[in-house]
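Protein chains: 4
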Amino acid sequence: MKVKHIEITNNMTISDFMEQLDESGVLGAGRISHATKLLADSIKDEDTKIFLSLAGPMIPGGLRKVVRDLVDMGYVDLIISSGANLTHDLVESFGGRHYISTGEDDEVLQDNGMGRIADIYTKSEDFEVFEEEIHKIFAKINEKYDTISIQKFIYEIGLLVDDDNSFIATAAKNNVPIFAPGLIDCMIGLQLWIYCQDNDFTISAVGDMAYLSDFVYGCKKVTACMLGGGLPKHYALASNILTGGIDAGIQITLDRSEGGSLSGAPLEEAKSWAKAKKGSNLVTVVGDATVLFPLIVASALDKING
Amino acid sequence: MKVKHIEITNNMTISDFMEQLDESGVLGAGRISHATKLLADSIKDEDTKIFLSLAGPMIPGGLRKVVRDLVDMGYVDLIISSGANLTHDLVESFGGRHYISTGEDDEVLQDNGMGRIADIYTKSEDFEVFEEEIHKIFAKINEKYDTISIQKFIYEIGLLVDDDNSFIATAAKNNVPIFAPGLIDCMIGLQLWIYCQDNDFTISAVGDMAYLSDFVYGCKKVTACMLGGGLPKHYALASNILTGGIDAGIQITLDRSEGGSLSGAPLEEAKSWAKAKKGSNLVTVVGDATVLFPLIVASALDKING
Amino acid sequence: MKVKHIEITNNMTISDFMEQLDESGVLGAGRISHATKLLADSIKDEDTKIFLSLAGPMIPGGLRKVVRDLVDMGYVDLIISSGANLTHDLVESFGGRHYISTGEDDEVLQDNGMGRIADIYTKSEDFEVFEEEIHKIFAKINEKYDTISIQKFIYEIGLLVDDDNSFIATAAKNNVPIFAPGLIDCMIGLQLWIYCQDNDFTISAVGDMAYLSDFVYGCKKVTACMLGGGLPKHYALASNILTGGIDAGIQITLDRSEGGSLSGAPLEEAKSWAKAKKGSNLVTVVGDATVLFPLIVASALDKING
Amino acid sequence: MKVKHIEITNNMTISDFMEQLDESGVLGAGRISHATKLLADSIKDEDTKIFLSLAGPMIPGGLRKVVRDLVDMGYVDLIISSGANLTHDLVESFGGRHYISTGEDDEVLQDNGMGRIADIYTKSEDFEVFEEEIHKIFAKINEKYDTISIQKFIYEIGLLVDDDNSFIATAAKNNVPIFAPGLIDCMIGLQLWIYCQDNDFTISAVGDMAYLSDFVYGCKKVTACMLGGGLPKHYALASNILTGGIDAGIQITLDRSEGGSLSGAPLEEAKSWAKAKKGSNLVTVVGDATVLFPLIVASALDKING
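Chains as they are written, first to last, in my numbering: chain A, 3 to 308; chain B, 3 to 308; chain C, 3 to 308; chain D, 3 to 308.
Just chain A, same shape as in the assembly:
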């Protein structure tokens, strides 16, 4: 099949643009077009459940509403998140914000109480409000539970957060489970520790597995959409080992494969572990997920609604 050269015209829509990428069909254009069709087809297919993993600064980096909306539209069935993305969702729910870098040196930022994520700034005053609010939530959950699994704990948080823009709250309302195997390693985890010093409250690290395995066994087909790598990517793949692996997978990452870390590993490698089925439909998009995922989602929505 021939490469058709991309043609740019005035007032293009996202769908026009994606059609051009599709007809080009090579390099990034081919991969993005492949990922878009796979996402749209997976959403349209009633037998397919969509697992979304969030590693890297997806929420501070501008994808909070994209994730929330996908959940709200019923297009995501299960989320695996880093602890940090949960923390940053709640920071905004409690009135905080993320800020665009003005270029200060990191030592100056420390003095000014601003934490940096690449060119994103956070404010310690927003984290102070976060601390206050999250402890109130801990206390309310602790009234109901002495021991709780991570997923259920996040679900309970979601029910208690009164913020329609929160992806945690939206997931709770829509019964979309959120897993966070590394929850302890974030500000929520740190505050949990402080809370637990004076309260009888246990977060069970293993407690989610029964629910997760039931969920996975209940899926006819699974498409995993993995933003970034890390623990969330691994969990998204490994949770499907029980049923022979995912049926389809999309990953968007800037990590590379040669060092052997899972974050940069080609999805094909998952087949060897039966974390992806033989013949599964797998595509890796190389680039910044905070731009390419919205592009893919925008075009996939048009395909679904179109």
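Hints were generated in silico from the structure; no laboratory data involved.
Worth double-checking, as some hints may not be accurate.
The list cannot tell twin chains apart, which means a pair is met if one copy fits it or any two copies do.
[As the list claims (entries may be wrong)] Listed next, the in silico EDC-like pairs over lysine to aspartate or glutamate satisfying Cα-Cα at most 16 Å (straight line): (1) K305 / D47; (2) K4 / E135; (3) K4 / E127; (4) K175 / D165.
Starting from the known structure of chain A, fit chains B, C and D onto it as the hints suggest.
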């Protein structure tokens, strides 16, 4: 300034999407939005000349029409190309095409006469036609010149290629000079050598400098738009050393900086060499130029025509 | 200071070689030399505790003995590991091995029961032995504990593993704590879940924090040595937030910074969060940790013993 | 074959260390060990000629003596260099040096006349001496030639440079040809242009091809050792297309493959173009060549002399 989360809606236009990236303002979204505004402003500014450098498989990878159209609309004033991108433009002008990979092993491809560029295939039969045609063109140019500079040589080729889709032909018609300091290192160069064995014809490596320096001195302001790195990126920057450096620069690349190669170097480094002016407006977009440049161009066109 | 060109002679020692890198002083040579001196100085300084984080395939990729030996020599004071590196240590303790790739396709590997990590193979039969043995260990620990923290759990495993080559066992013998905040996301975690279905056994996700905070408060100075990124890198940095951040840090990674993920973030960023002290001595080495860490260790040992 | 874990002991030699990498056999260790054996075997094989390509800051970055020594020992038979590496060799021959960064901002460096290459600094006063000296050399060569090919031009420069540490001079003395297809795009090129404005002197871009093709046809076998990518890598591979491709190849680079640029392309791709023979022995080492190439050379020398 606060990060506004990206909102995806149905039937978005490219301009809607770019507005979302702009309001997010961080990570790739911030960089792409910056590059788009800079490109649009540079095109609109009558005092600014735009230098476009092409390294990596821009023409085989689907950008032939984007480049050709920018030239035709008068939005590019000078091009620096790798030899390969010139060769691949002519391959198509002579009837050849580029093909989407079907996944064969490289040894099988060799047997089948197919050269591979990532997931792009070429056919040796297309190169055979290329060889035949390019020799006819060499002969015609050689009738007029014994010694010729590289830029003038490419210009003469452009005049002789009857293909409205060729960026070389379109550049010639529009008097947009194309420089290719590494011309000898491509199929055109190889055929030139074969041609020169039997003909008295010299390509002067230094011959372009007078024209180039006059061109640069004639520019009030220069914005360099660099797709990929390599010799074309260096030439785009270095040619402006005569006037104290570029006024603005955009580079789109997947290369990284730590090894010190120019291809991955931050544009800021060019300031130290006076290849970029102090205070110049510089932005690096990390990603695949064959996708991100069309996205930037699409949105910039809307800003210009909007 | 001038770059002195590297001179290679016959029968060089690692120390000779490192001296050449040191005198060159730029690019990778400068970074590796810096990391080596920092590691040696940190080991020699009685007031400094060394935190080692292990993400990516460090144990399957050939560093098992390097890590074990550093622990045994008393040169590492605290470890943060991915679950996978713990699993792969135990796989070898139970008689399994890691194998060098022979190039099969991932679907063939699945049929043959071989899991792939880049060019490293594992065998399902080794994992079967692992499962059997780890359940025996779980049962023994469960005899003593109903609820246990992750660090204590790994410590108890270490005491029960009779393998001098195991870094887990060696750490237990030497009272070097191992933390694994993402423990649940590996084969140990999967088997834990299976075990817990029939047994009353809870792994507390938050339970380590008291011990960890006591440990951190007990350190006069901390040098964090981070192989790969991920959760282990974050935990290594974040655990020091209580005391104003690490005093020195070395990271070795192939990840890059532009996407904003912590794995590729420059260590300087940690200063903004007070995870690294102002004025702390920080160095990032870009490359494959499975080669560069042994090189750094070899030279650091000579500096210490020299 | 099993992964044997790397063992680090006191006072290791480079050869001891490399033996450990070899027995590990996976990830970077496997690749570096493979490259070392291939380089040593290629040097020892009298029927094999070694082509060395130099892109990126190899000479400013500390490899000047390594390259010079390999040439002097007769271990390199042909060099393809970027113009910049030639320029930086001559800068040192004329008394200039390269300097280790002290961290200034690029705008300050411009004011201070210091050009930056990552963390390497150059001084404009060194370039002023360079300009003066190179013009004297041009004049001497111009006395003998009106038109000259690039390779012959560099050879003549080498004969006129009285510096035993210069790799250009050492190559000239040893009749090792140096090609530089992009010569015009460096400070030598800029000065050539200035020189040519007042003098009748033509550098033939195509003039090297006859000599190069004779050289290639005269090689029984070729091993290409490619440091960095760019034009020099392409030229190293493409020059062997005449004889069906290289027999073996080593590349050391931090560039990645997904964007399709040749710099990051896997060497296997060269097989499809018949730039590498079917069955050729090819290895890519991912990392910083200014560290890994000396490591490989040190070990290869021991294997040769051992």
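Against the structure, the hints come out as follows:
no. : hint        : verdict
1   : K305 / D47  : within (13 Å within a copy, 38 Å between copies)
2   : K4 / E135   : neither (58 Å within a copy, 22 Å between copies)
3   : K4 / E127   : between (56 Å within a copy, 15 Å between copies)
4   : K175 / D165 : within (11 Å within a copy, 50 Å between copies)
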